Amino acid sequence: MKAIICFKKQDSSKYISHLDLQRTVDRALRRSGVAVQFSTGYNPHIQMSFAFALKVGLTSDSEYLEVQIDENTDIKKAEQAIKNCFPNGLEVNWVKIKKENTKKLMASVSKAEYEIILNDIDDYDKIEGAIKEILSLDEMELVKKTKKGTRSFDARPLIFELGLEKEGNKIAALLSAQEKGTLDPNLLMQKILLVAGIKCEYTIIRKNLLTTIDGISYPLSHLAL
Amino acid sequence: MIVLDKIEKFLPQVEKPARYFGGELNMVKKDPEKVDVRFAFCFPDVYEVGMSYLGLNIIYKLLNQRDDTYVERVFSPWPDMETKMKENKVPLFSLETYSSMDEFDILGFNISYEMCYSNIIRAIKLANLDPLSLKRKEDDPIIIAGGSAIYNPEPVADFFDVIFVGEGEESLNKFIDLYKEKQKETFSKKEFLEKAAKIEGIYIPSFYEPVYEAKTYRLKRINANAPIKVKKTIIEDFDKSFFPLDPIVPFLGVVHDRITLEIFRGCTRGCRFCQAGFTYRPVRERKSDTLVKQALAIEKATGYDEVSLCSLSTSDYTEINPLINNLMDEFEDKRVNVSLPSLRLDTVFEDYSKRLASVRKSGLTFAPEAGSQRLRDIINKNVTEQDLFRTMEQVFSQGYTSVKLYFMIGLPFETYEDLDGIVELVKEVKSIYGIAGKNNPRKLMLTVSTSNFVPKPFTPFQWIPQDSIKALEEKQIYLKDRLKMKGVRFNYHNATLSSLEAMFARGDRKLSKVILKAVENGAKFDSWSEYFNYENYSKAFESLGINPAEYANREYDTAEALFWDHIDCGVKKEFFADELKKSKNIELTNDCRASCSACGLEEVCFK
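As given, the protein sequences belong to chains U and H, one line each in that order. Per the working numbering, residue 1 is the first one in the first sequence, and the count goes up by one each step. Per the working numbering, residue 1 is the first one in the second sequence, and the count goes up by one each step.
A few of these clues could be false.
As the list claims (entries may be wrong) - Here are the computed lysine to aspartate or glutamate pairs in the DMTMM-like style, where the Cα-Cα straight-line distance is at most 25 Å:
1) H/Lys6 x U/Asp11
2) U/Lys104 x U/Glu91
3) H/Lys84 x H/Glu103
4) H/Lys229 x H/Glu209
5) U/Lys148 x H/Asp80
6) U/Lys148 x H/Glu530
7) H/Lys9 x U/Asp20
8) H/Lys300 x U/Glu71
9) U/Lys2 x H/Asp333
10) H/Lys189 x H/Glu103
11) U/Lys199 x H/Glu8
12) U/Lys8 x H/Glu8
What the hints contain is simulated information worked out from the structure, not anything from laboratory work. Quantities reported herein were computed from a predicted structural model and do not represent experimental measurements.
Start from the sequences, fold in the hints, and give me the full structure.
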């Protein structure tokens, strides 16, 4: 059976790359003593996969990974053991058994929810105006860096929700996150500031990852028992 | 100053920001306000290299056992980070608390290889301190150094207040105790250094002065508190000596990312070019039971998936077979691999190779070192052609298809016939593969790697001139032309880098000016080919009117005073001179395990 581990990535762990995160979690699971499944061969590693890689430097409230565990595992005990072994900056929210006959997490993710905290800003109207303008567009061309150079793409269909919350000095964004199309919140934020014509420092936090079933979106925890 | 807020602004823009952020598993956390002594362990290279260094974890965890002391780590910022730090006026800082160096009492530099000197200067400057110890102020942090490449401290002597010679575990503790007294009694820096000079293994460079008279050299003692000779410290009971059971586990993939067990210190082989082989003497082993216990504890505390055995010559370990088998038995179910760094050619290979997973993964490395028996005898590398051929036959028939052979060029008394010998050996290995490896699935991939001989202090070859850069490069081209064979790949080291290494290895205090100048010229990360530029140094030598050949390419006379004569590494100078004579006569010296050659350590050495 499979378990889903939901964890935060913050503080000292926010600067570790996806590859380093995999290695870090592999070691944490080994230390936990939970009966996880290993690959075979000369260099056995734990069979696990992450839902959706997070860019280096961003923090997240809810990251997800799935791992094959022994059928007889007491999930409550396993949760406690795993919580105790994840290192600083990687705090485990919960560990649950994954529903059977569900797609891999990686294939299930459709959207990502972000919070963009604006530091030292007083011109909220300009931000609000920029957001309105962007939402009114049918098409919005953005340019992203790729390994081969740069590529322009239409970002508008990748924005599901976008709004300013003045109280908390922050922008909430629900963006597409799947193989077919992913919108980097950093790229969107640069566009917002460009349209608003202002400069401002900001911090991006990933709040959650969503899956969409029959047109309805749920947090990935929906796939756990 | 705490630099956290400042660096957070630009960390996302530098390569691998995790290098600068700390917070790893098993990092030591203390309240800096509640300790007496703050100690910055400075490793003058990038994080991934420093964190792979076993000595760092040993000293870090050992000194942090003290409640009165907090040791934090400092690494050289990679050039992209150094630029950002300078732009944003961020000084050198520690990974534990992001504190600048002025918050510390002691800065301790590790020196594991000569090519880190430029990075030491950069680090001291980035800490806003003067690199020259005599120019630093009374209340500046004390800057100390130690490590395996410090046996000739003279080229860097002007930079440090204190230099530790030998294994620093005990002397460092005594030094910190003394520092606490200084805090209480408020005696001056000079008084403190005078007291420190009395601790065994401590060298205070400012208490000595080089004197050059009529082409002779001597190091004059100018403070009566300093010893005439500084004796290296030795841990006698190595089995019971401290070893960290909860090492820091880096988030980043580092060079050696695994459990490392130090199975013994020292080496009994006596290869005449090898400095470590003499300076780490006497041989002291850790018991197999101790090692297995340590491995189990470390695995539990880290979750590492590999155990590696570390020493100068692993197959010489007395209990090697029981050790490997016990480790395998303990770790098989935990899916933890056991690996060995490299093997000697005369190792009884089949005994355990089949059970060693990572050997299979990465291919095998063997070091015949020289191409002819004559030259192998000159350097006292006790292996024969037959050893090589027999081992190759074994490994090829076990299915290995990738092997690396390691040689040195520019060895003392080398001729072009010895280079031809390398080519002949390679041809023979290829033809052995044709027979023993004919059923293997892939063609042979033979890597031939040559490094350049560097004469090192405290070896029988310390007096020997190094080949000129031109001579080394000619030899490299000679081999390159002759090793253009199918399935053979030839690598060689940069000859200018080796030449510089020789100058620093055998240098005196005049070189400190060269190092300072070279850093001004841009020298940094010299052991990284993308940053090494010989011009930084050649220009420095030229502008200071110092002839580099005097250090690298001159034969030192056995009668003259050497720049490192004030350091006592335990092995006698007469022994080295005798060994040099024997090498000229192509005479071998026995392995210490077979019979004692009375190198000077008889009293403390195992028999």
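Any hints this thing doesn't respect? Which numbers, in order?
The structure breaks none of the hints.
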